[in-house]
Amino acid sequence: MHPLFQNWKALALYFGVWLLLAAMLGLLISVAGGLSPAETAVIISPVAIVLALICLAPWYACRSLPLKSTAAGRLLGQHLLAAMVVSGAVLFLAEALAHALSGLLPGLDGRFSAATPVLAAMVAMIYLLSIAMHYVVIEAQTSRRSELLAREAQLRALKAQVNPHFLFNSLNSISALTAADASRAREMCIQLADFLRTSLRLGERASIPFGEEMELTRMYLGVEQVRFGQRLRVSIDVEPACNECQVPALVVQPLVENAVKHGIALIDEGGEILMLGRRMKDELRFTIENPYDPLAPSSRSGIGLVNVRQRLEARYGSAARLEVEASEDVYRVSVAIPMRNA
Amino acid sequence: MKAIIVDDEELARRVLREYLEQEPGIDIVAECANGFEAVKTIAEHEPDVVFLDVQMPKLDGFEVLELIERRTAVVFTTAFDQYAMRAFDAAAVDYLLKPFGRDRLRAALKKLEGRSQTPLAPAELRNAARPTGEYLERIVVRDGAKVHVIPAGKLDYAEAQDDYVALRSEGRTWLKQQTISSLESALHPRRFVRIHRGFLVNLDRIARIEPNTKDTWLAILTDGAKIPVSRAGYTRFNSLIGG
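Chains as they are written, first to last, in our numbering: chain L, 1 to 342; chain G, 343 to 585.
Worth flagging that the hints you see were computed from the coordinates, not collected in a lab.
Since we're looking at a predicted model, the values are computed, not measured.
Where is the CB? At the ideal position from N, CA and C, for every residue including glycine.
Incorrect hints may appear among the rest.
What follows is a set of in silico ranges between Cβ atoms, one per label pair, in the way DEER data are often shown [stated by the list, open to error]:
1) L:T198 <-> G:E360: 27 to 35 Å
2) L:S183 <-> G:R514: 22 to 30 Å
3) L:R145 <-> G:A385: 57 to 65 Å
4) L:E152 <-> G:Y425: 40 to 48 Å
5) G:K344 <-> L:V306: 39 to 47 Å
6) G:R514 <-> L:R151: 37 to 45 Å
7) G:Q364 <-> L:S183: 39 to 47 Å
8) L:M339 <-> G:A433: 51 to 59 Å
9) L:M125 <-> G:T474: 57 to 65 Å
Only part of the chain G face toward chain L is listed, based on derived beta-carbon distances under 10 Å [said to hold, decoys possible]:
10) D350
11) E351
12) R356
13) A372
14) A375
15) L401
16) G403
17) Y437
18) K440
19) P441
20) F442
21) T474
22) E479
23) V483
Just a sample of chain L residues kept apart from chain G, beta carbon distances all over 10 Å, derived [claimed, not checked]:
24) W59
25) A96
26) H99
27) A120
28) Q141
29) A153
30) T198
31) A241
32) E244
33) L295
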C-alpha cells in the first residue's frame, strides 16, 4: 500500500497541496478559455480529485523501475509514455464533462476546447513531478534502511567482540597462575585489560588503520598464548604499506579468534596461525590460515566469520570479498577490502 | 577416592590439581589432555570421579561421557557454553564454571558422596545440549579401549538390540549402549528414517522398497541387505521422499 495511507497527517497534507494545485489549474483554464468561475469549478473539481489519486500510482511504477538499475532511455520512455496516457485520459474525462454540461451552460465545450492545450501540458507536468517526488521518497527510505542495517551489524559486532568463552577461559588461566607464578598472573591481567580496553575503543570507530587492527590482534594472541602455551604458534607477514589502509574496526581479530577456537583449540598438539597482508593497487588483501582437525567434535560454526562478512557487505557491497577455503586440514580465510585512493 | 582430570589446557588442569591435592581422601591417578586419552585412561584406572572439560580436541566432554562406564561419577567443567549449561541444569548434573574457587569444588565433591550415577542417560544429556535444528554429524563408539568415530553419512542403518543399538557402517557392526529412539532424535530427520520399530536407516542407502506380506514391506539397501518395513515406517518413508 502507498505509505501515505499509513499516515493520516501526511495524507491530509497531500490533499491540502492539491487544493492549491486545483486553484492554479482553474486559474489557468479560466484565463486561457475565458471560463466563468462557476464553470471552472465544475470542470476542475472532478479533474483534480481524479488526478490526485492517479498521482499516487508512481509509487508502484518507481519501485518497478529503480533509478540505479534502469537504463536512462527506458526510464524516460516509460514515464513519459505514462504521463501522456494520464494526460490524455484526464483530458478525455474533462472534455466529456464539458460536453455534457454545455446544455446547462451554453458554449462551455467551445471555451473549454481553447483551454485544453494548457490543461494537457499542466497535467503531464504534475504527473512527472509526482514521479520525481516519489523517487526522492524511495531513495530516502532505502538509505535509511541500509543505515539501520549497518547499525544493527555494528551492534552485533560489539556484542561479539567480548566473547564470554574467551573471557572466562582467560580468567581461569589467571586463576591457575596466581599460586605458582604470581608475576605472570599479573602480567596476564594487564594484557587482558589492554586487549579489552583497546577493542572497546576501536569498536566505537567506523574505520581504523589496518596497523591498529593488527595491534589489537597481537594483544588478543598474547592472551591466548598464555592459555595455550606451546600449542599456539603465530607467524605474521604483513607489508608495512598495509598499516595505513583504512579498514572497518574488528575485521581481523574476530577471524583470528575463530582460527584459535575452531582450529588450534581442537588440535592436541596445536599448530601455527599464519597471517599475510598485502597492499595491492586498489585493495588491501589479507589471509588468515590455520590448521584444523576435520574429525574434531562438531563445534558451532564461527559467529565471527558471519559477522565480519555481513559488515563488509553492508559497507562495501560486492566490492569487498571474503572467501573461505577448507582443504583437508588447513582452513584459510581470504579478505579483500577496496581502497579509495586518497 | 580416585580422581582423573580431563582438560586440554595445561593451566586449567593445574588449578584443579592444586585444589584437589589439598582435599583429604582424593587421589589424582591421571590427567588427560584430550577425549581419546580420557576414554582409554578412565577404562584403565576405573576412577570414582572424573573432572571433565566440555570443549576438547578429538572428543568433547559429552562424547567421553557416552563412552565410559556409568558408575564413574562425572563433574563437568566449562568456561561458558550456554547450550551445555542448559543441559546440565535440565538434567540436574553438577558442573563447575571456570574460574571456580575451592569452596565450589568442595560443594561438588560433597554432592558426589550422596549419589550413584548420572540421572540422565549420557546420550540424552548430549541431545539436551544440542541447539534445536542442529543434528549430530558423527557417532562415537568404543571398540575395547579404542574409540571409533562414525561420520553420520557413513552409517548405513541402526538396529535396536535390547539396551543397545547395533550400528552398521562400512561393512562392520558396532554396538553402543543407547536406545534407538534417542539415536533417531539426534540424527537429521531428513537423512535417517525409522522404517521399523527396530530399524533406523540412512535414506541414501535405500535402493528400493518391495512388498513383502499384506501389511509389510522390505527395504533393499544398496549393499543388498534386506530390512523389514512396517506400515508406519512405510508412511514415514513416503512422506520423506514425497516432500
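Hint check results:
1. L:T198 <-> G:E360: 27 to 35 Å: 32 Å, holds
2. L:S183 <-> G:R514: 22 to 30 Å: 54 Å, violated
3. L:R145 <-> G:A385: 57 to 65 Å: 59 Å, holds
4. L:E152 <-> G:Y425: 40 to 48 Å: 24 Å, violated
5. G:K344 <-> L:V306: 39 to 47 Å: Roughly 44 Å apart at Cβ, these two residues keep to the hinted range, so it holds.
6. G:R514 <-> L:R151: 37 to 45 Å: 55 Å, violated
7. G:Q364 <-> L:S183: 39 to 47 Å: With a Cβ separation near 23 Å, Q364 of chain G and S183 of chain L fall outside 39 to 47 Å, so the hint is violated.
8. L:M339 <-> G:A433: 51 to 59 Å: 53 Å, holds
9. L:M125 <-> G:T474: 57 to 65 Å: For M125 of chain L and T474 of chain G the Cβ distance comes to about 59 Å; the hint holds.
10. D350: This hint holds: D350 of chain G lies near chain L, its Cβ roughly 7 Å from the closest one there, short of 10 Å.
11. E351: E351 of chain G check passes; min Cβ-Cβ to chain L is 6 Å, inside 10 Å.
12. R356: 5 Å, holds
13. A372: 16 Å, violated
14. A375: OK, holds: A375 of chain G within 10 Å of chain L, min 6 Å.
15. L401: 6 Å, holds
16. G403: 9 Å, holds
17. Y437: Cβ of Y437 of chain G sits 13 Å from chain L, so the hint is violated.
18. K440: 4 Å, holds
19. P441: 4 Å, holds
20. F442: Given a least distance of 8 Å, the restraint on F442 of chain G holds.
21. T474: This hint is violated: T474 of chain G lies away from chain L, its Cβ roughly 13 Å from the closest one there, beyond 10 Å.
22. E479: 5 Å, holds
23. V483: Where the cut-off is 10 Å and the nearest Cβ of chain L is about 14 Å from V483 of chain G, the hint is violated.
24. W59: 39 Å, holds
25. A96: For A96 of chain L, whose nearest Cβ neighbour in chain G is about 57 Å away, the distance exceeds 10 Å, so it holds.
26. H99: 62 Å, holds
27. A120: 58 Å, holds
28. Q141: About 33 Å separates Q141 of chain L from the closest Cβ of chain G, which puts it past 10 Å; holds.
29. A153: Holds, since 22 Å exceeds 10 Å.
30. T198: 22 Å, holds
31. A241: 38 Å, holds
32. E244: At about 37 Å from chain G, E244 of chain L clears the 10 Å cut-off, so the statement holds.
33. L295: 6 Å, violated
Checked against the numbered hints above, the structure breaks hints 2, 4, 6, 7, 13, 17, 21, 23, 33 and satisfies the rest.
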